[in-house]
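K.L.:
Following the hints, put chain A in place on chain P, whose structure we already have.
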Amino acid sequence: DAKTTQPTSMDCAEGRAANLPCNHSTISGNEYVYWYRQIHSQGPQYIIHGLKNNETNEMASLIITEDRKSSTLILPHATLRDTAVYYCIVRVPGGGSNYKLTFGKGTLLTVNP
Amino acid sequence: ETGVTQSPTHLIKTRGQQVTLRCSSQSGHNTVSWYQQALGQGPQFIFQYYREEENGRGNFPPRFSGLQFPNYSSELNVNALELDDSALYLCASSLLETVLDNEQFFGPGTRLTVL
Chain P
1 DAKTTQPTSM
11 DCAEGRAANL
21 PCNHSTISGN
31 EYVYWYRQIH
41 SQGPQYIIHG
51 LKNNETNEMA
61 SLIITEDRKS
71 STLILPHATL
81 RDTAVYYCIV
91 RVPGGGSNYK
101 LTFGKGTLLT
111 VNP
Chain A
1 ETGVTQSPTH
11 LIKTRGQQVT
21 LRCSSQSGHN
31 TVSWYQQALG
41 QGPQFIFQYY
51 REEENGRGNF
61 PPRFSGLQFP
71 NYSSELNVNA
81 LELDDSALYL
91 CASSLLETVL
101 DNEQFFGPGT
111 RLTVL
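Heads up: the sequence lines are chains P and A, in that order.
Read in my numbering, the first sequence has 65 at position 65, and its numbers run on one by one without any break.
Read in my numbering, the second sequence has 95 at position 95, and its numbers run on one by one without any break.
Hints are computed from structural coordinates only; laboratory data are not their basis.
Where is the CB? At the ideal position from N, CA and C, for every residue including glycine.
Be aware that one or more of the hints could be misleading.
[Claimed, not checked] Going by beta-carbon spacing under 10 Å, a handful of chain A positions derived as facing chain P: (1) 47; (2) 56; (3) 64; (4) 88; (5) 111; (6) 113.
The shape of chain P in the complex, shown without the other chains (with noise of 0.2 Å):
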């Protein structure tokens, strides 16, 4: 799986959209864009996942960049139950050895009052 590079910490105001960038230059032709996250003290949660068109659902929206080399999770109202870290994985969906999810480090995103 290609790896991932995400800023350690990010704040945002609560209300306002949170947009939490991800670098995946090294992404293969085949290997999709996943989101997670992790509110403290619970699972990982997955958020949206997408190839190359941009997706949105009803928590998220993803922006991946013409040449997938970059992408971009943008939650558009963000509350303080959003403060969470959140992981950006790339990888080809399906079984065996491709079913893992490699995470990092991921974004502490923490939404101020």
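P.N.:
Quick look at chain A alone, frame taken from chain P:
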């Protein structure tokens, strides 16, 4: 709530002992993976079970072993515990049917402390 449960919540063992951690997958899921998360680090993949067979393994020694049962619940066994085994152990379940697998649902984890 993901529907994935783990037991126990917390556990304290001493070096050299053996431990069994349990995971109940979300209903209908056929795949479970186990991860180890040391303090301040991201989770590290231990192994995956698909339909009761080990189907992928990370860089962990053989004293880490597992089982998946017909009802798709799962166990992680660790023998000869070492101090460095102290960590949060997470299981994640998924429905693996095609190459494009679905999202993985994590349980809350078991916090293991080895003294």
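K.L.:
Against this structure, judge whether each hint is valid.
P.N.:
Hints, verified against the model:
1. 47: holds (9 Å)
2. 56: At 4 Å from the nearest chain P Cβ, residue 56 of chain A passes the 10 Å test, so the hint holds.
3. 64: Since the shortest Cβ distance to chain P is 14 Å, the answer is violated.
4. 88: holds (9 Å)
5. 111: Cβ of residue 111 of chain A sits 9 Å from chain P, so the hint holds.
6. 113: violated (15 Å)
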